[in-house]
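> From just these sequences and the hints, can you work out the full model?
Residue-level listing of the chains:
Number of protein chains: 2
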Amino acid sequence: MSLNKQQIAQWFEVLQKQICETLEKNDGKGHFEEDIWQREGGGGGKTRILQNGNVLAKGGVNFSAVFGELPDYVAESLKVKGKEFFATGVSIVMHPSNPFVPIIHMNVRYFELENGTKWFGGGIDLTPHYVIPQQATWFHAQLKRVCDQASPDYYPRFKKWADEYFFIKHRQEMRGIGGIFFDRLQATETLSIADQWNFVQNVGLAFAPIYTQLMEQNRSKNYTEQHIEWQKLRRGRYVEFNLVYDKGTKFGLDTNGRTESILMSLPPEAQWSYLHTPAENSEEAQTLGFLKKGIDWV
Amino acid sequence: MSLNKQQIAQWFEVLQKQICETLEKNDGKGHFEEDIWQREGGGGGKTRILQNGNVLAKGGVNFSAVFGELPDYVAESLKVKGKEFFATGVSIVMHPSNPFVPIIHMNVRYFELENGTKWFGGGIDLTPHYVIPQQATWFHAQLKRVCDQASPDYYPRFKKWADEYFFIKHRQEMRGIGGIFFDRLQATETLSIADQWNFVQNVGLAFAPIYTQLMEQNRSKNYTEQHIEWQKLRRGRYVEFNLVYDKGTKFGLDTNGRTESILMSLPPEAQWSYLHTPAENSEEAQTLGFLKKGIDWV
Chain P
1103 MSLNKQQIAQ
1113 WFEVLQKQIC
1123 ETLEKNDGKG
1133 HFEEDIWQRE
1143 GGGGGKTRIL
1153 QNGNVLAKGG
1163 VNFSAVFGEL
1173 PDYVAESLKV
1183 KGKEFFATGV
1193 SIVMHPSNPF
1203 VPIIHMNVRY
1213 FELENGTKWF
1223 GGGIDLTPHY
1233 VIPQQATWFH
1243 AQLKRVCDQA
1253 SPDYYPRFKK
1263 WADEYFFIKH
1273 RQEMRGIGGI
1283 FFDRLQATET
1293 LSIADQWNFV
1303 QNVGLAFAPI
1313 YTQLMEQNRS
1323 KNYTEQHIEW
1333 QKLRRGRYVE
1343 FNLVYDKGTK
1353 FGLDTNGRTE
1363 SILMSLPPEA
1373 QWSYLHTPAE
1383 NSEEAQTLGF
1393 LKKGIDWV
Chain U
1103 MSLNKQQIAQ
1113 WFEVLQKQIC
1123 ETLEKNDGKG
1133 HFEEDIWQRE
1143 GGGGGKTRIL
1153 QNGNVLAKGG
1163 VNFSAVFGEL
1173 PDYVAESLKV
1183 KGKEFFATGV
1193 SIVMHPSNPF
1203 VPIIHMNVRY
1213 FELENGTKWF
1223 GGGIDLTPHY
1233 VIPQQATWFH
1243 AQLKRVCDQA
1253 SPDYYPRFKK
1263 WADEYFFIKH
1273 RQEMRGIGGI
1283 FFDRLQATET
1293 LSIADQWNFV
1303 QNVGLAFAPI
1313 YTQLMEQNRS
1323 KNYTEQHIEW
1333 QKLRRGRYVE
1343 FNLVYDKGTK
1353 FGLDTNGRTE
1363 SILMSLPPEA
1373 QWSYLHTPAE
1383 NSEEAQTLGF
1393 LKKGIDWV
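For the protein sequence lines, the chains are P and U, in the order given. Be aware that the first sequence starts at 1103, since it is given in my numbering, and climbs by one per residue. Be aware that the second sequence starts at 1103, since it is given in my numbering, and climbs by one per residue.
Careful: at least some of the hints might be erroneous.
Which copy is meant is left open, because identical chains are indistinguishable; a pair holds if it fits in one copy or across any two.
Stated by the list, open to error - Okay, derived cross-link-like pairs now, DSSO-like style, lysine-lysine, Cα gap no bigger than 27 Å in a straight line:
1) 1271 - 1148
2) 1352 - 1394
3) 1185 - 1271
4) 1395 - 1183
5) 1148 - 1220
6) 1271 - 1352
7) 1181 - 1271
8) 1352 - 1181
In short, the hints are calculated from the structure, not lab data. Predicted model, so just to flag it, every value in this text is computed and none were measured.
Shown next as structure tokens:
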């Protein structure tokens, strides 16, 4: 099978639609508004945003297929040669209102250059405001299952990659409990580029069942003002990660992407408090204890 | 006069103390808590934070004097050679609770390298949630007065520099109404390094009278929930600027500075709303109209 970039983009667009439908159904109130946009340098996308749902406070499911000339400094930072690029993908971030429902992020993407270089990237990771160990284990087991279908070394490699990637260096803590992250998946001796595409599709398809289950399990939990305050502080860390470290955000802003679509990842509200330190043995302190690299959840 | 880095640092430390005293007196309730910290690579500082005052919701006045080895990539981005650096300065950000009191930022700093390279940098800029033209003009006139004492070309140059610097590229809007910004002030044909130091001291001394007057003029104004929501959205933009573009923040995080001191600039609360657009002719829309480069306020 030879890969066709238009077919990949089309598949991603259908994925966006299906995920939005499933999330709406599970939320029960929120509705995704759609904005179709074009990129000056070439291409465009569809941004779908839900605000003020029952479970989801603010979430976005973004599809884009863009092309054009790669700015020199972007080519340099990607360490590639080749002027004309094509990039397509689906990006999701969901910020729930109940602090016991975790924030989730998913991305599947394809990138190619005129010179024939092509690769896939993506991942799914979870950022619970309160880490619930059983759910963390279950979440990682779902990802491992998807990875194992492609290759037995994918889960350990991509889990470790997520641990490295979703790390807030200046806080010396992880954004959440990680998940899987991969980039520049190309054909190898044992896996063709079509195999990689198959894997990436499975990652995309895994998102909705995983997140709707986590919504279901936690949406009715009671919470207090204190839980909400902690949620806002954790959302503040989410903002720090996305604006300081996230490569997708940086790539988007650097290539004059559509700002409102790129920054849909930001939470509805965030809070910063100087030197905030949770009380010893509190739920919040326990969560901080889980925001470390290298925890073997499975 | 030969400049002595220790004396510069000492003067900055006294400036910090005086500014905190003046702000506390004017706030009438808030108190600056002090944290003294040391930097692993060399040096340290004093961070003073006030939270939940009458006028000031969250503000920081940071003094630091740090030294050590400059990481290669920092030297590269500063385009300097020389391994050992010394840097000292005072940084201030004040986030008021009343949306009609503007956010203010001030910085005065000195940097030197073992090879004899030395310079001053700094500035003052204002970020009103609601731009009040008379106050914007008055604010710029104060800065012009300070600049004119040093050189007639300082205000136009440094005002323009602030317009360029405090620009949120991905939003195509300024963070606020600018002010003055300068960097790498070294000895010139007409101004010695001692003259530059004198100018920088005058900038530092101008801060408290300017901001206390703006606090006084606006602290008692009535506001609604809608004003507060807009304030949070503007604070969101402040976060975007500081985490994506601000060089001081980047330098601090890159040199393993003290995170809580660097990020004291972040607001107590911020908000993001997808594609938020104020109603035509509203106070909010008028303010957006003023967040442009090149407005001649004086």
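> Between residue 1352 and residue 1181, at a C-alpha cutoff of 27 Å, which is it: within one copy, between copies, both, or neither?
For residue 1352 and residue 1181, the Cα distance is within 27 Å both inside one copy (15 Å) and across copies (23 Å).
> How would you classify residue 1271 and residue 1148 at a CA-CA limit of 27 Å: within, between, both, or neither?
between (32 Å within a copy, 22 Å between copies)
> Treating 27 Å as the Cα threshold, decide for residue 1352 and residue 1394: within, between, both or neither.
both (24 Å within a copy, 24 Å between copies)
> For residue 1185 vs residue 1271, is the C-alpha pair at or below 27 Å within one copy, between two copies, both, or neither?
Between copies, since 23 Å is at most 27 Å while 32 Å is not.
> For residue 1271 and residue 1352, with the copy left unspecified, which applies at a CA distance of at most 27 Å: within, between, both, or neither?
both (17 Å within a copy, 12 Å between copies)
> Please sort residue 1148 with residue 1220 into within, between, both or neither, judging by C-alpha distance up to 27 Å.
Within one copy, since 23 Å is at most 27 Å while 50 Å is not.
> Within a copy, between copies, both or neither: which one fits residue 1181 and residue 1271 at a CA-CA cutoff of 27 Å?
Both, since 23 Å and 24 Å are each at most 27 Å.
> Quick one: residue 1395 to residue 1183, C-alpha cut-off 27 Å, is that within a copy, between copies, both, or neither?
neither (33 Å within a copy, 36 Å between copies)
Hint 4 from the earlier list is the only one contradicted by this structure; the remaining hints agree with it.
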